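S.K.: Sequence order for the protein chains is H and S.
Under my numbering, think of the first position of the first sequence as 1, with each following residue one higher.
Under my numbering, think of the first position of the second sequence as 1, with each following residue one higher.
To be clear, the hints were calculated from the coordinates, so they are not data collected in a lab.
This structure is a prediction, so every number in the text was calculated from the model and none was measured.
Incorrect hints may appear among the rest.
Some residues of chain H that are not near chain S, with every Cβ distance over 12 angstroms (derived) [what the hints assert, rightly or not]:
(1) Thr26
(2) Ile64
(3) Glu66
(4) Lys69
(5) His76
Here's a subset of chain S near chain H, in silico, CB distances under 8 angstroms, partners left out [to be verified]:
(6) Ala38
(7) Leu39
(8) Leu41
(9) Phe45
(10) Arg63
(11) Phe106
(12) Gly107
(13) Ser108
(14) Gly109
(15) Ser113
In this text, a Cβ means the ideal position worked out from N, Cα and C, and glycines have one as well.
Listed below are the residues making up each chain.
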Amino acid sequence: DAKTTQPNSMESNEEEPVHLPCNHSTISGTDYIHWYRQLPSQGPEYVIHGLTSNVNNRMASLAIAEDRKSSTLILHRATLRDAAVYYCILRDYNTDKLIFGTGTRLQVFP
Amino acid sequence: EAGVTQSPTHLIKTRGQQATLRCSPISGHTSVYWYQQALGLGLQFLLWYDEGEERNRGNFPPRFSGRQFPNYSSELNVNALELEDSALYLCASSTGTGSTNEKLFFGSGTQLSVL
Chain H
1 DAKTTQPNSM ESNEEEPVHL PCNHSTISGT DYIHWYRQLP SQGPEYVIHG LTSNVNNRMA
61 SLAIAEDRKS STLILHRATL RDAAVYYCIL RDYNTDKLIF GTGTRLQVFP
Chain S
1 EAGVTQSPTH LIKTRGQQAT LRCSPISGHT SVYWYQQALG LGLQFLLWYD EGEERNRGNF
61 PPRFSGRQFP NYSSELNVNA LELEDSALYL CASSTGTGST NEKLFFGSGT QLSVL
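Given these sequences and hints, build the entire structure.
M.R.: Following this line, the structure appears as structure tokens:
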């Protein structure tokens with residue numbers, strides 16, 4: 001199973017942009033890069049996903065390196081409600097498993 | 001539209017007992033996934049069901065089993081409970097197209113405590 005590596009924790013102030021990095025050097029050509037986040041006492045929720053090109057939605061942007069060995073989730077203006085654990089995941093084409101790592105715990109300060 | 005629902009919210013059992021956890025997917029979704037999240041840890045993939053069949057399972061012993069019913073709801077059974085089975089068990093559903101493009105929608109989980 002392809003693995004991802006993320007920092008254990010990051011901090012941000014409210015209203016500032018946040019860049020959450022993820023390394024996935026063993027990614028295969030058919031793996032989509034997914035991001036989910038888990039707020040306290042809740043199940044994970046979908047944030048964004050992409051294959052090769054950068055992606056934007058109402059929650060965030062996803063920047064994917066040209067060699068696809070890394071990606072960055074961008075929260076343009078962090079709010080207190082964005083405090084969560086963010087998981088970068090590769091969707092395994094052969095097994096269809098979503099393999100979650102330990103994620104990055106994001107703290108947002110007022 | 002109702003999301004993924006799981007029951008019970010909390011379950012307390014003693015060592016050696018059996019636990020049954022239930023999951024109702026979003027209407028129209030045919031795939032159900034089960035994950036285990038021990039305290040302070042990430043999610044560990046348990047099982048994947050689609051169209052009533054088990055499609056894949058994670059590295060868990062056979063005492064973790066489940067099934068998917070014709071209405072696509074699912075049960076997770078854990079036999080011979082051990083203390084280390086205490087965890088949050090999360091269920092997710094998807095449309096089951098088999099595409100690596102599709103999203104998973106998670107329930108809020110069942111907190112299983114084994115005493």
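S.K.: Honestly, which of those hints from before does the structure not fit?
M.R.: 6, 7, 10, 15
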